[in-house]
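Asker: Got chain A sorted already, so can you dock chain B onto it with the hints?
So you can see what is in the structure, the chains are spelled out below.
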Amino acid sequence: MSTIRAFALMTLKGLTRRRTFWGIALVTLIALAGIGSIPSYDVTGEGRFMIDMGLFGIEIGSLLLAIGLASNMFPRDRESRSVMPLLAVPLSRTQYVLGRFAGAALVQTAAIMVWCACLGLILAVNGYYVPEAMLPASILLVAEGWFLLAVVLFFSFWTSPPLNAPLTLLLFIVCQMTPAQFSGLLPGAERVMEALRMLLPRMDVFHIKDPVAHRIPVPTAYFLLASVYGLAYTSFMLSLAIAVFRRRDLK
Amino acid sequence: MDPVLRVEGLSKRYPRQSGLGSFQAVSDVSFELEPGGILGFLGPNGAGKTTTMKCILGLLAPSSGRIGVFGRPPASREARRRMGYIPENPDYEDSFTPEEYLSFFASMRHIPWSRGDSARMLGRVGLENWGRARIRRLSKGMRQKLSLALALQGSPELLVMDEPTGGFDPLARKEFRDMILEENARGAACFLSSHILSDIETICSRALILAGGRVVREGSMSELLSSQNRHRISYRKPGAGNAEELVELADLQAAIDRIRSSGGEIEAVGREILSLEEVFLSATSGGEAR
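For the protein sequence lines, the chains are A and B, in the order given. Mapped onto our numbering, the consecutive letters of the first sequence carry residue numbers 1 to 251. Mapped onto our numbering, the consecutive letters of the second sequence carry residue numbers 252 to 541.
Bound conformation, chain B alone:
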């Protein structure tokens, strides 16, 4: 099956503000998002996440490399028709109402849309009582919910989300995660950039870590969270209770032999499971390449 999103060797250089030389924001980034997948996109500030996202949306032209959204250029009508986007800190024309925005976006997407559809969509994102309120009266979190409603309009096959839970309270964040999982169960692929690692850990099937404009770690969540080097040995000590030992891969066999020679009974040997935060910090602080 063709990937929903394919990024091959993406690089982007910006001219410096002084006009002298240029600055490499993203360098040789490649990845794919399969249909029905949820890909988490992580990286410290200035890593090149937003630049990559804007290239995927066709808002920036890559300096080199190729991007295919459903096999088409990102700025193509077909790619945009099948994609929903939630921007970071969205702002809208503040004299409009959420209902008006939904109606205008539906017209531009050529989706038949009624006031009932607006009420349903706004109810889904928790804005049921704010459909006719001016956007200037909405809080940051509410505007983010409006973005979600606009992105979900027309049941897109790909959701691109840039820090979508920035303005949400914990309850709204949980509702958001549930909604993304619902959309994913419907068949939508999701590309999610967030600094909230617990969100990524909870809902993403794969993750990609960017640092200094390069991909430094990529894989399924289980691959990323299981340590490549350290192993945990669980064993029963003779005449005592259970015990555990963490050893480096190079020392694994020696540790097993030592435990056995002292009469211990090995119960399990497995890779150490890390938290996403530990993986993120180790990948971004060392600049470790994939």
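This is chain A alone, in the form it adopts within the complex:
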């Protein structure tokens, strides 16, 4: 465990020194500030538009951060050969994957929490009530972010970074949609989607924008179940990533 912790800290330090991280973090903050500057769209006068768009912006920021942080981690280590001295110390391949994930997950969690706090601040500055459900909403965004991070990490062991981004994006879109939404696209698409939905997670589970915006309390059981659901899928993707990496020759 201490090996994973040490490697996760090393990963965290490395990621926070990358321009990609600061670029995505700042662009998302600017987008949130932009949403705050257009309160005229808020016809109800209760900040619903701001909450809805703000949480959506944070979700997109989280997706971009997952791709920006994790798609390049292993390819970069392999290209620069820095993976070789790493794996020559007592760091197993499983510990490598878990350490890289944990480091990136810490960075992503911190970013989501800061974005959510900023959204709360923007609401408060604009004179709106900050809903209590903002905290569970942000925790579920973290659960979704971890799953996306695990997906990107899994893809990074067998695809190049330019292919990783569209694959992750495709998965993100597919996981957001219902099979019926695909019915008009291609003949049989609905059936393919139904099959895929049995395997892939339903990301709408993590979205509680509506209850937050309408100040409907989120049941604790739902919040806990959704978190466990996210963690289970994250663990599944990490297991796949470990299985792929353990079988891989490092030429």
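Hint data in this document are derived by calculation from the structure and do not stem from the laboratory. Fair warning: there could be bad hints in the mix.
Claimed, not checked - Heads up, incomplete: computed chain A residues facing chain B, CB under 7 Å, no partners named:
hint, residue
1, Ala6
2, Met10
3, Gly14
4, Met84
5, Ala88
6, Val89
7, Leu91
8, Thr178
9, Asp249
By construction, the Cβ of each residue, glycine as well, lies at the ideal position given by its N, Cα and C atoms.
Answerer: Chain B in isolation, oriented as in the chain A frame:
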């Protein structure tokens, strides 16, 4: 005493990039490294040296054969704990400093490590003033020195080195050789791959030459450098000075008889001593098997 490193019948095939068939990189390679030994690993480009090294480090899975590092599989925690590795042309996360790298590697190796230890280790490899500099500011040779510092951390019992002096100037190369000899005197076994034959000749007790994925020559340095076929006869000519003659083994007795019959006095007969370069070229150009 059990060998530090044992490679038995190692073969490695890579699938071709086209996806059709495979390519044999290493074929039936076997050797051992005894505790306290320094084994030089030579071969032309594409001979299979790096593939063999990566199999020893557990980075590649052999297609067949067995590798034991301290009697354990190379990817095992115990084997890695007792081993230090210097890669060829290493690169590191360039936003880190050498001190940070040493500290992180020590944590992963579970070695108690302080800033003083980093300063001592960096001083030993000649990076005393670069401990807090970003790696992006280090030259190729300096990065190689950092690799050496990382490999020596925790006093490993086996040092695996893949072209370790590639970026070094002559002075740094000499310092490197001295350091390897110091480590060897401490008890560390060394497995050294290099194209710089003078380094191998100076510090290795044994050497192994690989060509076309196979071992073509192996032995102690004195065995390798003494010619198997040609002998040098030193003799004194009657009424003249000393003379020498190089003859093939088959002609040795006839040459001795001829010198004696002409009144010459044989002073010494011995195998011709070759340079490692001559041995390397003859072994790799002819593809001569062991």
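Asker: Does each hint hold? Answer for all of them.
Answerer: Hint check:
1. Ala6: This hint holds: Ala6 (chain A) lies near chain B, its Cβ roughly 3 Å from the closest one there, short of 7 Å.
2. Met10: Holds. Min distance 4 Å.
3. Gly14: holds (5 Å)
4. Met84: Where the cut-off is 7 Å and the nearest Cβ of chain B is about 5 Å from Met84 (chain A), the hint holds.
5. Ala88: holds (4 Å)
6. Val89: holds (5 Å)
7. Leu91: holds (5 Å)
8. Thr178: Since the shortest Cβ distance to chain B is 38 Å, the answer is violated.
9. Asp249: Constraint on Asp249 (chain A) satisfied, holds at 5 Å.
Consistency note: the structure conflicts with earlier hint 8 alone.
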